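K.L.:
Produce the entire structure from the sequences given, and follow the hints as far as they go.
Here are the chains, one letter per residue:
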Amino acid sequence: MIHVKRLVLDVLKPHHPNALEFARAIAETGSDCRVQVTVLEVDEKTETLQVVVTGSDLDFERVHAAIGQYGGSLHSIDEVEVSNVGSDGA
Amino acid sequence: MAPDMLSLERARLWLKLTRSHGIARRYFVVNGFDGALTMLGLIMGFRVSGASDLGLVLNACLGAAIALGVSGVSSAYVSEAAERRKALSELEDAMAKDLGGSAHGRAAHWVPLLIALVNGAAPLLISLFILSPLLLVRAGMVLPWSPLLLALGCAFFSIFLLGVFLGSVSGQHWLRSGLQTLLIALITVGLVLLLE
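Each protein sequence line maps, in turn, to chains R and C. When we follow the working numbering, the leftmost residue of the first sequence carries the number 1, and every step to the right adds one. When we follow the working numbering, the leftmost residue of the second sequence carries the number 91, and every step to the right adds one.
Derived by calculation from the structure, the hints in this document are not laboratory data. Keep in mind that this is a model prediction, so the values were computed, not measured. From the three backbone atoms N, C-alpha and C, an ideal C-beta is built for every residue, glycine too. Any given hint might turn out to be false.
[Claimed, not checked] Straight-line distance between alpha carbons at most 35 Å, and here's what the computed DSBU-like set of lysine-lysine pairs gives:
#1 106/C with 45/R
#2 5/R with 106/C
#3 176/C with 45/R
#4 5/R with 45/R
#5 187/C with 176/C
#6 187/C with 106/C
#7 187/C with 45/R
#8 106/C with 176/C
#9 5/R with 187/C
[What the hints assert, rightly or not] Listing some non-contacts, in silico: residues in chain R with all C-beta distances to chain C over 10 Å:
#10 4
#11 5
#12 19
#13 55
#14 59
#15 64
P.N.:
Structure representation (structure tokens):
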């Protein structure tokens, strides 16, 4: 079974909600989801973030929806870590 | 929960996203003060002119209260909707993205309604509180004092409370702020008394 363990995302978002509230919204997408947000650039109305999401089985669609829900725009998926956990094709 | 369903949590988020807490508070105080002073002026005017028909006084005051409420809702909605549309459009330009389906888009739709309700409810509810002695008399209750005097007391009390609320917002001492707004009410009464 394929599990997504880690995502590094390049995200553009409005100033509000702030990085903490934005990270919380993404963290709500999974029970063991850990989110690290780094603000890379601040413009007049927007800011560019590097968002690192880790967890045992991340749901990318939910993470993407949470970003969109708070007005963010996913620019690129910069890194991924995916593992094949124990199904052995059975 | 439906995405557009209005809940307290969502309302809080939308007010936060649009940084409209301060605007709603300002509208509440400004229009609440308008309502209280209008009722004070009307009741004083009736007292000065010696009106004894409580039904006439009550209907005139209720008419003014309803007009203040409707005016508050409509004026705030029209101006806030335009402001929110402009802010959303600027944000969409900066993001190069349609934000209609995001919390920002829903906030632009709902926040003007919320602010309009605050702006309309403040003068209406404060006016109804001030008119409560007259409403009680109309409902058949016997009051120990003149209902007009009691209504004046309610008007002073609500104006004082608005001052106390402003004091708590600004960090000023509540008594000083309450007395300041009370002074404005007394000046209003003094000006109406000049009609005599």
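K.L.:
Next step is simple, just say for each hint if it's right about the structure.
P.N.:
Do the hints match the structure? See the list:
1. 106/C with 45/R: Roughly 16 Å separates the two Cα atoms, so the pair holds.
2. 5/R with 106/C: holds, 32 Å
3. 176/C with 45/R: holds, 13 Å
4. 5/R with 45/R: holds, 32 Å
5. 187/C with 176/C: With Cα atoms ~15 Å apart, residue 187/C and residue 176/C stay inside 35 Å; holds.
6. 187/C with 106/C: It holds: about 21 Å lies between the C-alpha atoms, which stays within 35 Å.
7. 187/C with 45/R: Measuring from Cα to Cα gives roughly 13 Å; hence the hint holds.
8. 106/C with 176/C: Given that 35 Å is the threshold and the Cα spacing comes to 17 Å, the pair holds.
9. 5/R with 187/C: At roughly 29 Å apart (the allowed maximum being 35 Å), residue 187/C and residue 5/R satisfy the hint.
10. 4: holds, 24 Å
11. 5: For residue 5/R, whose nearest Cβ neighbour in chain C is about 28 Å away, the distance exceeds 10 Å, so it holds.
12. 19: holds, 14 Å
13. 55: Given a closest Cβ separation of 23 Å, the condition holds.
14. 59: Per Cβ check, residue 59/R is outside 10 Å of chain C; nearest 19 Å; holds.
15. 64: holds, 13 Å
The structure is consistent with each of the numbered hints, conforming to all of them.
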